[in-house]
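Here is how the chains run, residue by residue.
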Amino acid sequence: MIARDRMSKLASNLVLLAIGVLFVLPLLWVLFASINRTAGLRVEFPTHPTLNNFKAVLNTDTTYRPVLNGLVLCGGSALLTMVCAVLAAYPLSRFKTRFNRPFLLTVLFCTGLPITAVMVPVYGLFVQLNLVDTIGGTIMFMATSSLPFAIWLTKTFMDGVPISLEEAAWVDGAGNMRALRAIVLPLMWPGIAVVLIFTFIGMWGNFFVPFMLLLSPERLPASVSIFTFFSQYGEPNYGQLAAYSIIYTMPVLLLYLLLSKKLGGAFALGGAIKG
Amino acid sequence: MTTTVAPSAAAPAPKRSGRPRGAKLVKMLPLTPAIGLMLVFLAGPILYCVYAAFTNMALTGTGAANVQFVGLENFRKAFGSNAFTNAIWMTLVFTLISAIIGQNTLGLGLALLMRRSTKVVRNFVGTAVIGAWVLPEVVAAYLLSAFFNDNGTLNVMLHAVGLPGQDWLYAAPIIAVSLANIWRGTAFSMLVYSAALSEVPKEIEESAEMDGAAGFRRLVFVTLPMISRAIMTNLMLITLQTLSVFGLIYAMTRGGPGTKSQTLPLYMYEQAFSFSQIGYGTAIALVMLAIGAVFSLIYLRGLNSEAA
Chain A
1 MIARDRMSKL
11 ASNLVLLAIG
21 VLFVLPLLWV
31 LFASINRTAG
41 LRVEFPTHPT
51 LNNFKAVLNT
61 DTTYRPVLNG
71 LVLCGGSALL
81 TMVCAVLAAY
91 PLSRFKTRFN
101 RPFLLTVLFC
111 TGLPITAVMV
121 PVYGLFVQLN
131 LVDTIGGTIM
141 FMATSSLPFA
151 IWLTKTFMDG
161 VPISLEEAAW
171 VDGAGNMRAL
181 RAIVLPLMWP
191 GIAVVLIFTF
201 IGMWGNFFVP
211 FMLLLSPERL
221 PASVSIFTFF
231 SQYGEPNYGQ
241 LAAYSIIYTM
251 PVLLLYLLLS
261 KKLGGAFALG
271 GAIKG
Chain B
1 MTTTVAPSAA
11 APAPKRSGRP
21 RGAKLVKMLP
31 LTPAIGLMLV
41 FLAGPILYCV
51 YAAFTNMALT
61 GTGAANVQFV
71 GLENFRKAFG
81 SNAFTNAIWM
91 TLVFTLISAI
101 IGQNTLGLGL
111 ALLMRRSTKV
121 VRNFVGTAVI
131 GAWVLPEVVA
141 AYLLSAFFND
151 NGTLNVMLHA
161 VGLPGQDWLY
171 AAPIIAVSLA
181 NIWRGTAFSM
191 LVYSAALSEV
201 PKEIEESAEM
211 DGAAGFRRLV
221 FVTLPMISRA
231 IMTNLMLITL
241 QTLSVFGLIY
251 AMTRGGPGTK
261 SQTLPLYMYE
271 QAFSFSQIGY
281 GTAIALVMLA
291 IGAVFSLIYL
301 RGLNSEAA
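Note that the protein sequences, when read in sequence, are chains A and B.
full-length UniProt numbering puts the first sequence at residues 1 to 275.
full-length UniProt numbering puts the second sequence at residues 1 to 308.
Isolated chain A, as found in the complex (with noise of 0.2 Å):
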């Protein structure tokens, strides 16, 4: 008996690494390229590492103004989603009404929307509004759009605190925002915190929506100024665009990493989303 769990342990171990594998095989070329003079497409330890890529990148057009506009777009959008996520979750959790199941039935029903079909509407909408190329438009489209999501996840957490704490509360007098303030939210900050993070890389990562609803190159957030840096200059700079990934993708990670140290990360995220 013992020897047969050894080796169904063993076997499961080495599945597994074989999966890890090929799960790291396109990552290593990124990281090879970016130090790499000459890099190709293949992955290729290179002989003489280099940090002339991310210098080469390392500049305002290319880097510094699209991470910029990138962090003012996304960490916009995922505040102004995490408050109206969690104004809107309060009553949700707190108070049973007539409203609340159909109401929560349409959000739920809201996060399956392919959000891709109504750019089309959306860019017509925001024609007649004078909204294209609008920071402050595209801020809120962004935050509309993971809005369902965030208030479902929310409510999730926010149903892990008590009530039984604010009506001690609501005895002693505070109104209902002073208790979600002074009470709930301390106490769900693990919950606001998971939402907030992956609200925030759900948009870092976004293509499409900035894509579309902004036009100027200098409104550009670095999702799409990574992709005119591809297709822009024909047989692309291989090593340097690598290298631009790197840095494209550090905010995220460390952001994950955050995540994952301080509040067991994406786990409590994949229990929450158990329905």
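Hints are not guaranteed to be accurate.
Which residues of chain A face chain B? A few of them, derived with a C-beta cut under 8 Å, are [stated by the list, open to error]:
no.	residue
1	I19
2	S93
3	F95
4	M140
5	L253
DSSO-like mimics (lysine-lysine), calculated; alpha carbons at most 27 Å apart, straight line [to be verified]:
no.	chain 1	residue 1	chain 2	residue 2
6	B	K119	B	K202
7	A	K9	B	K119
8	B	K77	A	K9
9	A	K261	B	K119
10	B	K77	B	K260
11	B	K24	A	K96
Think of the hints as simulated: they come from the structure by calculation, not from any bench.
Note that the structure is a prediction, hence the values are computed from the model and not measured.
Beta carbons are placed, not taken as given, at the ideal position from N, Cα and C, and that holds for glycine.
Chain A is fixed; fit chain B onto it per the hints.
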């Protein structure tokens, strides 16, 4: 609505009804920013979609100056067009291979294997899979374009074991983008299933083992039924996510060569923006929304019946 916010009055029994209607409405007030945003930027565009799909709206030509109702013309044109039927097929193949078979099965397999593996291996594989997931869409697309290229890593590996290689993005683009989506999206399923499996009580599986249900049989008859709710949720979420994938395919193949990897979102984009046919584009968007809505409804129904 003149009632002031009076939470202390409602405090002893916030769940009981029978309060004045105004107080109830005030309590729901925090919902307004979210509802406002969703009405303007989500419900609005969807309604507009329904309207525009029945017109000849365009960015140039007659449809630009003079928008007219054309009834079902756009849909007739779509379902009569080879490119549209091709896009539907491509979308179905892409969703089936990459989400329903690929991400779902691989994610479940990884979660199951991880329970029986050593910590070092588990951490290494988990990090690699999640690393692929958090990468921005376009970066992932470049990495995999390089991987599948004629001179790319995949062919180097194939040559090493004596197999012939080819330019995968040219020869089998829909397979290549599907594999790319599996690479990028499996982490989500893995996380959902890890969380679900961690809640399956160990005793139940052990007693099943005692009763002689080992290995595969135990998996099918004991473990899987216990996480059926998670399977459902996960299947639907990844199906819907995959239906609307745009950036990954656009950056890898632009739907080509020809239309060999042109899924519905790419076809819609091409019609609406490259060819300026807004009316026709929104009709396609409406078809996509309908497909998404059907999946959502099946999912909600399934969840409701299981919860009951």
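Hints, verified against the model:
Using the Cβ-Cβ criterion of 8 Å, the hint placing I19(A) at the interface with chain B is satisfied: the shortest such distance is roughly 6 Å. For S93(A), the suggested interface contact is broken, since its CB lies about 11 Å from the closest CB of chain B, more than 8 Å. Of the supplied interface hints, the one on F95(A) holds, with its beta-carbon coming within about 5 Å of a beta-carbon of chain B, less than 8 Å. Interface restraint check: M140(A) against chain B, minimum CB-CB distance 6 Å, threshold 8 Å, status holds.
Because the beta carbon of L253(A) sits about 7 Å from the nearest beta carbon in chain B, less than 8 Å, this interface hint is met. Simply put, K119(B) and K202(B) have alpha-carbon atoms about 19 Å apart, close enough for the 27 Å limit, and the pair holds. In summary, the hint linking K9(A) to K119(B) is supported, as the alpha carbons are separated by about 11 Å, within the 27 Å threshold. With a C-alpha separation of about 57 Å, the suggested pairing of K77(B) with K9(A) is violated against the 27 Å cut-off.
Annotation: proposed proximity of K261(A) to K119(B) holds, straight-line Cα distance about 16 Å (limit 27 Å). Between K77(B) and K260(B), the direct Cα distance comes to roughly 21 Å. Compliance with the 27 Å bound is thereby established for this hinted pair. Of the pairs offered as hints, the one joining K24(B) and K96(A) holds, with about 10 Å between alpha carbons and a cut-off of 27 Å not exceeded.
Violated hints for the displayed structure, listed by number in ascending order: 2 and 8.
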